[in-house]
Structures are given as structure tokens and as C-alpha cells.
Amino acid sequence: MPNVNKVTVMGVLGLNPETKQFSNGGSVTIFSVATTEF
1 MPNVNKVTVM GVLGLNPETK QFSNGGSVTI FSVATTEF
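For the sequence shown, the residue numbers in my numbering are 1 to 38.
Simulated from the structure, these hints should not be mistaken for laboratory data.
Even glycine gets a Cβ: it sits at the ideal position worked out from N, Cα and C.
Treat the hints with care, as some may be off.
What the hints assert, rightly or not - Ranges between beta-carbon positions, derived for each pair: (1) N5 x E37: 30 to 36 angstroms; (2) N3 x F31: 18 to 24 angstroms; (3) T36 x L15: 16 to 22 angstroms; (4) N3 x T36: 31 to 37 angstroms; (5) M10 x I30: 14 to 20 angstroms; (6) P2 x T35: 27 to 33 angstroms; (7) N5 x T35: 28 to 34 angstroms; (8) K6 x T36: 19 to 25 angstroms; (9) P2 x I30: 18 to 24 angstroms; (10) E37 x K6: 16 to 22 angstroms.
Please take these sequences and the hints and turn them into a complete structure.
Following this line, the structure appears as C-alpha cells:
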């Protein structure tokens with residue numbers, strides 16, 4: 001199984017998530033999150 005990164009983010013989604021597919025089968029999702037915690 002390939003490496004997997006798991007992150008939990010809590011907040012309000014700023015924009016719709018955008019997923020990009022790569023020619024090698026990989027993908028990445030880009031999104032913005034607003035939160036009052038830092």
C-alpha cells in the first residue's frame with residue numbers, strides 16, 4: 001500500500017475544493033479553511 005497522509009481540519013470551507021489529477025494516476029485536492037483557532 002502506498003503512503004497515506006491523514007489530517008483532520010476543522011473550520012469553514014472558504015471555496016469549493018479543487019481536485020487535480022496527474023498523468024501518473026496521483027491526485028491532489030486544494031481547499032481553503034477559515035477558523036478562529038490558531
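Range hint 18 to 24 angstroms (beta carbons of N3 and F31) holds or violated: 21 angstroms, holds
Is 16 to 22 angstroms a correct range for the gap between the Cβ atoms of T36 and L15? 18 angstroms, holds
18 to 24 angstroms as the expected CB spacing between I30 and P2, which holds or is violated: Holds: the Cβ-Cβ distance is about 20 angstroms, inside 18 to 24 angstroms.
Taking the CB of N3 and the CB of T36, does the distance hold inside 31 to 37 angstroms? 32 angstroms, holds
Does the Cβ distance between M10 and I30 fall inside 14 to 20 angstroms? At 18 angstroms between Cβs, range holds.
Using the Cβ atoms, figure out if K6 sits within 19 to 25 angstroms of T36. 24 angstroms, holds
Do the beta carbons of N5 and T35 sit within 28 to 34 angstroms of each other? Since N5 and T35 have Cβ atoms about 20 angstroms apart, the given range 28 to 34 angstroms is violated.
That 27 to 33 angstroms hint for P2 and T35 (C-beta), does it hold up? 30 angstroms, holds
Supplied distance hint 16 to 22 angstroms, evaluated on CB atoms of E37 and K6: 19 angstroms, holds
Kindly confirm whether 30 to 36 angstroms is satisfied by the beta carbon distance between N5 and E37. This hint is violated: roughly 21 angstroms between Cβ atoms.
In this structure, the hints that do not hold are numbers 1 and 7, in rising order.
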